[in-house]
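**Q** Residue numbers (our numbering), protein chains in the order written: chain A, 1 to 149; chain B, 1001 to 1419; chain C, 2001 to 2189.
Derived from the structure by calculation, the hints contain no laboratory data. Backbone N, C-alpha and C fix where the C-beta goes; we use that ideal spot for every residue, glycine too. Among these hints, one or two may not hold up.
With a Cα cut of at most 16 Å, we get these calculated EDC-like pairs of lysine to aspartate or glutamate [claimed, not checked]:
{"#": "1", "chain 1": "A", "residue 1": "K80", "chain 2": "A", "residue 2": "D106"}
{"#": "2", "chain 1": "C", "residue 1": "K2169", "chain 2": "C", "residue 2": "E2087"}
{"#": "3", "chain 1": "A", "residue 1": "K44", "chain 2": "B", "residue 2": "D1124"}
{"#": "4", "chain 1": "B", "residue 1": "K1132", "chain 2": "A", "residue 2": "D106"}
{"#": "5", "chain 1": "C", "residue 1": "K2046", "chain 2": "B", "residue 2": "E1249"}
{"#": "6", "chain 1": "C", "residue 1": "K2169", "chain 2": "B", "residue 2": "D1327"}
Selected chain A positions facing chain C (Cβ under 8 Å, derived; list incomplete) [unchecked claim]:
{"#": "7", "residue": "V46"}
{"#": "8", "residue": "R50"}
{"#": "9", "residue": "H51"}
{"#": "10", "residue": "A66"}
{"#": "11", "residue": "T76"}
{"#": "12", "residue": "E97"}
{"#": "13", "residue": "S98"}
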Amino acid sequence: MKLNKNFDRALWAFHVNTGSCNGCDIEIVAALTPRYDVERFGIKLVGSPRHADVLIMAGPVTRAMAPRIKRIYNQTPDPKVVLVVGNCGNTTGVYYESYNILGPIDHFLKQIDPDVKIVHIPGCPPRPEAIIEGAAKAWLVLEELRGEA
Amino acid sequence: MSKCSYTLPIGPVHPALKEPTMFKFVMDGEIVKEVDVQPGVNHRGIEFIGMRRNPLQVLHLAERICGICSIVHQYAFTMASEKAAGINDIPERAQYIRTIMAELERIHSHVLWAGVAAHELGFDTLLHWTWKLREDVQDVLEYISGNRVNYAMYYQGGVRRDISPEKIPRIKEMISAYRREFQKLADAFLEDPLFKHRTVNVGVLTKKDALETSAVGPTTRGSGVPKDVRVDQPYGGYADLDLKPCLPEQMGYPNTGDTYAKTVVRILEVGQSLDIIEFCLDNMPPGPIRWEMNVNKVLMHMKKAGGEAIGMTEAPRGEMIHYVRLDPGDENVSAWKVRASTYNNIIAWQKMLVGAQIADVAIVAASIDPCIGCMDRVTVVDGETGKEGVMTKEDFYRLSVRKTRRLRRMKGKPSGGGW
Amino acid sequence: MMEPAEADGKIKRLTGEEIVSLFRERLGDGVVDTRVDVYTNGVRKKPFESVWIRVKRENFRDAVKLLAEVHSPLHISVASGSDIGDEIELIYHFQVYWGMGGGQISVSIGSRCPKSDPRFPSVSDLVPGAIITEREKQEFLGVVMEGIPDGRQLFLSESLPPDVHPWRKDEEELKKLEKYIRNVHDEGV
């Protein structure tokens, strides 16, 4: 049975903090709560990557998190999109010169999956509106991956 | 280790600390016997990075130590580096603006905490309600500084942006809206029988332990220890206010040090913050907002200066201290030590968690105000067989919610709805 | 203003200068250097004091015990540490006269140890709150806190080998650390 298309649009997201300062994390939660309320579209945070369509990642990758984000990525079922929220996750931002920061998130994801689909959301931290726009872009990418575009 | 005990690691991701924490619990059935906290997963080496940059660059780094209490880190670093460089005549208007920003941040942080605490107990309606209320203060922060998080307001010698008279009505409007709405929210927490059941006598930190471990902030004030940097060593605009530390007894609740007492302290502090902001707006001294208008001159001054100092602020989570040393020959910050509040509360945390039920771990851990929402996985190691099972954050959260439901049934409330 | 603890007659409050002279009197040659900084705040220019006392390493524990006589239980904020050439300096930042409605004095007691002999007496038995910061100093500066009840690695256990100390600035240590530093902006990833 083919599910209604609306089911595809109810994105379930798993939030991974790869070493972020919390700034992006609270804006992600703000996007879920009543003022911005993405839950009205059926987007919600889930507690396991195995249930997720979208991985929301924030923060520069610390040495201890590098193997873990690879593991989390592998646990997420296909098709999947990664939303990288914030400057640090995209470029490592202000933390560029440390012994414990290994690099931006896409670098590690490309090591295990060269075709990884990433939506980059810049900002320090991005506004909830920007995060919602990123989620909308993730829809389009997922539709493309499912061959519905 | 008795036969039935097993080890339960929780973590490692845990966002509200500077360094997210990994817990290892030794469990006896449902009761926590021993706790070991292993931070470091989120260690970014910020002090090391800071010692390779000049004081004005470090401002932006200090702000990004924590996204929730970014202002107080910047405040503490600014004060420490000003004192180290011998800049002591900060304009009074700038001191008042700094105080207003710090108090706005305290409101946003405490309301955020209340939402997280409600979520940990399974009251998601309350989470959404508190976060809706939080948006009001976020609007004002954005109105003053231009950003919702990371405000970039302070720098050595003053502040970057003024709070001009035409901005004041908008801020006052927020204050009166909070005075109207916040009491309803406070009642939803404090009058609720189930919230009481889940928090009274849960996660107790005795006064003796609080003093011994040098705990700080609402964690220690809940136990009746009146430590508050704003009162003990008033800095900036706080020097003109005769503040008193908020203790649970002011609301008629004994200083027991349990999770309920800590909630009372935070609710009292939101009211106190509103009063402080109002006082500062009404009594804002005229004059410049910067010690030196030219940023390059400030930087040159800092490069030539030598000295050491500490900057202490009262963050929403407690005392925060930065130590800065500047050497005349070195244009970078020569030594920098950041001590966030939770760092001192780690040992107190261990004392609070021992003896707690596993279903209460979420709320007890949250009671010192690290956000446990990002706890990503829990591995259960069975002590006897050595078998490992994995509990996700969801399972863990479900345990907490189930306990609330069980209590609700015992109290004979209709199940499903009503929250 | 009525100070609660003072009203009880429990302790006599000393000023910053009096604390310094107490240390000079009791520790004698053990005190290397002292300083009292006074800062004023607000429109009312309300002052607070920050006392800095440098002592010899062998007198460090005595200094902390002496401060505990001034006001007990001691509140430790943190211990900061830095590499100053041939020596490592640790400064313990304590607060006395907290919880009295004002007039808290920050007392920073510092001491140095040579890099050739990086040992330092732990005060975790006197001030239990010091353990976290002492564990941190061990791994970041490579000092050995003698008598620390729990000396495991804290922040770096998953990151760096135990012989790498990120806050040390000498060439030998920098060489060890160098291979771990990633300047992402310059080199790419």
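**Q** Hint by hint, say whether it matches the structure.
**A** Hint by hint, here is what the structure shows:
{"no.": "1", "hint": "A:K80 to A:D106", "result": "14 Å, holds"}
{"no.": "2", "hint": "C:K2169 to C:E2087", "result": "11 Å, holds"}
{"no.": "3", "hint": "A:K44 to B:D1124", "result": "13 Å, holds"}
{"no.": "4", "hint": "B:K1132 to A:D106", "result": "33 Å, violated"}
{"no.": "5", "hint": "C:K2046 to B:E1249", "result": "28 Å, violated"}
{"no.": "6", "hint": "C:K2169 to B:D1327", "result": "14 Å, holds"}
{"no.": "7", "hint": "V46", "result": "26 Å, violated"}
{"no.": "8", "hint": "R50", "result": "24 Å, violated"}
{"no.": "9", "hint": "H51", "result": "27 Å, violated"}
{"no.": "10", "hint": "A66", "result": "10 Å, violated"}
{"no.": "11", "hint": "T76", "result": "22 Å, violated"}
{"no.": "12", "hint": "E97", "result": "5 Å, holds"}
{"no.": "13", "hint": "S98", "result": "7 Å, holds"}
The structure shown violates the earlier hints numbered 4, 5, 7, 8, 9, 10, 11.
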